[in-house]
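Novice: Chain by chain, the residues:
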Amino acid sequence: MRRSDYLIKRAAFAIITVFVAITINFFLFRVLPGDAVRNLSRVPRASNELVNALKEQFGLDEPLWQQYVIYLNQLLHGNMGISFSNQQPVSENLKEALANTIPMAATGTVVAIIIGVSTGVFSAWRRGSKLDQVSTNAAIAFYSFPTQWLALVILIYLSPWFPSHGMSDPFLIDPTPWEHFVDVARHMFLPSLTFALTLYGEYTLIVRSAMLETLGEDYVLTARAKGLPQRRIVTRHAFRNALLPTTTLIALSLGYIVAGAILIETVFSWPGIGNAVYQAVTERDYPMLQGAFLVLTISVVFFNFIADVLYFKLDPRITE
Amino acid sequence: MGMRTDVTDDIGEELKRPAPHRGRRNWFWRVISESTQAKVGLGVLLFFIAIALLAPWIMPYDPRTSVGEPYEPPSWEHPLGLDDGGVDMVSLLIQGGRVSLVVGFAATLVAVLIGGGIGIIAGYFGGWSDSLLMRITDYFLVIPDLPLAIVVAAVWGPSLSHLIFVIALLLWTTTARIVRAQVKSVRERVYVRRAGSLGASDLRIVFRHVLPQIGPLLAANVVLTVAVAIFDETALTFLGLGDPTAITWGSIITFAFLRTAISAGAWWAVIPAGLCVAFVIMGCFWLGQAIEDALNPRLKVSYLSTRSFRVLKPAAPEDG
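Line order of the protein sequences matches chains A and B. Heads up: the first sequence begins at 967 in my numbering, then just goes up one per residue. Heads up: the second sequence begins at 9 in my numbering, then just goes up one per residue.
Hints in this document: simulated from the structure, not taken from any laboratory. It is possible that some hints are incorrect.
As the list claims (entries may be wrong) - Straight-line C-alpha distance at most 20 Å; calculated DMTMM-like pairs for lysine to aspartate or glutamate:
{"#": "1", "chain 1": "A", "residue 1": "K975", "chain 2": "B", "residue 2": "D146"}
{"#": "2", "chain 1": "A", "residue 1": "K975", "chain 2": "B", "residue 2": "D138"}
{"#": "3", "chain 1": "B", "residue 1": "K192", "chain 2": "B", "residue 2": "E300"}
{"#": "4", "chain 1": "A", "residue 1": "K1279", "chain 2": "A", "residue 2": "D1027"}
{"#": "5", "chain 1": "A", "residue 1": "K975", "chain 2": "A", "residue 2": "E1168"}
{"#": "6", "chain 1": "B", "residue 1": "K47", "chain 2": "B", "residue 2": "D301"}
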């Protein structure tokens, strides 16, 4: 198989997955009883014009399969309907929420990967030592803590020192860009810390077991026999090969990142997409819920595709 | 892989050859007796299961009756204090564990039945059923779990049985993949083919010859699935998608969040419930991991290890 073939195949898989998700999304909200669930135009307190406009846009008087085609077409134009709770377009709401989520979740994830990779490599290298036992069991513990619970515990013990609610201080009037940045960064500290702690355990365990696999390979024995220093064997020989399964598994853990975002943003009232999901569930705001599900799925599929490309770069053998 | 174990027998004097196969029914006790990790894991699980079974006899107070002031701190009478309604926390935890474990095991049972069935059909019969089923599994594997569960549960309405099915819907994919891969490899072994040519029916081959072979791996998968199911129960309940009247570990954490336990500083209303969840998950993890490790002889070899192998002993780990 040629290089381009592989990438095309993965891209096709990504697109079909998104398509499957859209289809699930469409039928889930329409086959089940309950008019409010099914009908995108039942925005509470909406004017007649809005209801009629939505009915026409989404063809709500047409048969189901035709509605499906219209729905796909509207999605392609970025139209996800109108939010029940604030009567704004769902896509606008989600765009804003996503922009708030990304810096917080990305900081937490990057910190988690750095801690996870270093403790994982170290644990595998000094396998069976006291430090390995402590580090591995700590990783299992953090992996086991329910995310929302960890967030609450952090809230109890660290909220006197850091802002625990929202994304910026509403009483900060006319801040300079620098002041605003510091304010947001301080608000970001607790949610990002929770994020890093809930994710790092899994990464440690993944990296550790991938490293244990490669440390048992013959080329590691050869490298030792050549008299290479241990540090070089670990970084150049074992770790490089352990990166392969690690990328795949980190890509598969993207679902955890999304789950983490939902739970953590709920606890800290971070105005991101996770909090939007929580609000949509409590307020029965179905168009928002549908939209958020799609956006989250598309981001996971997108990053999975990136991981596939990366994997390909790391391991040219894959085409054989 | 077969080659590699031979090599290690030569160099690793302390690496004991596993005890000869004493019939396939013994594998579980062999894993338990050889691994401390497995013993601890099984012990923790049995402890929580015993408490759940004995709940009616050991619960000190009724988990639905008020016995004091809201958020009364821990005392001799109430070692973990009272919750916002003045209910004894120990009784709440015991009752909550009961329901959480039932949800966890029931969801796992459903997930393993679906995943196992799909895995067996795909792996055993191969061909178009294999590619179709594995395609579907692939898509489900990528679509993020929690958002999908939220969407399904939000549309379906909150109840305990819905929760069980929603969690099962998320968890069957891993089982399906593992079972399919195993069935595919076992099916090609000589004794299975021989049984086929002797006229054994497909059903007989699957249940008598294939399933017992994949038993250990399936057991590890089941144990790890229970952990994820219990984790998911707390998350979905936290988002308001569980049964609002049931007492579970998830609902205890949720009520602490919603009813200002945090600002009241009532750590006893939050922390114990999360620790119970974490201990059950850790127990599952230790047990599951021990079974998986026992199945993967390759992990016993580490050419950089400083402990297990005599041939490597002289080299002290160097830091340079």
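Novice: Hinted pair, alpha-carbon criterion (20 Å max): K192 (chain B), E300 (chain B). Please report holds or violated.
Specialist: 19 Å, holds
Novice: Measure nothing beyond the straight line between the CA atoms of K1279 (chain A) and D1027 (chain A); if it is 20 Å or shorter, mark the hint as holding.
Specialist: 50 Å, violated
Novice: With the threshold set at 20 Å, check whether the alpha-carbon distance from K975 (chain A) to E1168 (chain A) stays at or below it.
Specialist: 29 Å, violated
Novice: Next pair to validate is K975 (chain A) with D146 (chain B); report whether the Cα-Cα distance is within 20 Å.
Specialist: Distance ~14 Å between K975 (chain A) and D146 (chain B) Cα, so the pair holds.
Novice: If you draw a straight line from the CA of K47 (chain B) to the CA of D301 (chain B), is it 20 Å or shorter?
Specialist: With Cα atoms ~14 Å apart, K47 (chain B) and D301 (chain B) stay inside 20 Å; holds.
Novice: Mind checking the alpha carbons of K975 (chain A) and D138 (chain B) for me, to see if they're no more than 20 Å apart?
Specialist: Holds, at about 19 Å.
This entry does not satisfy hints 4, 5, going by the numbered hints stated previously.
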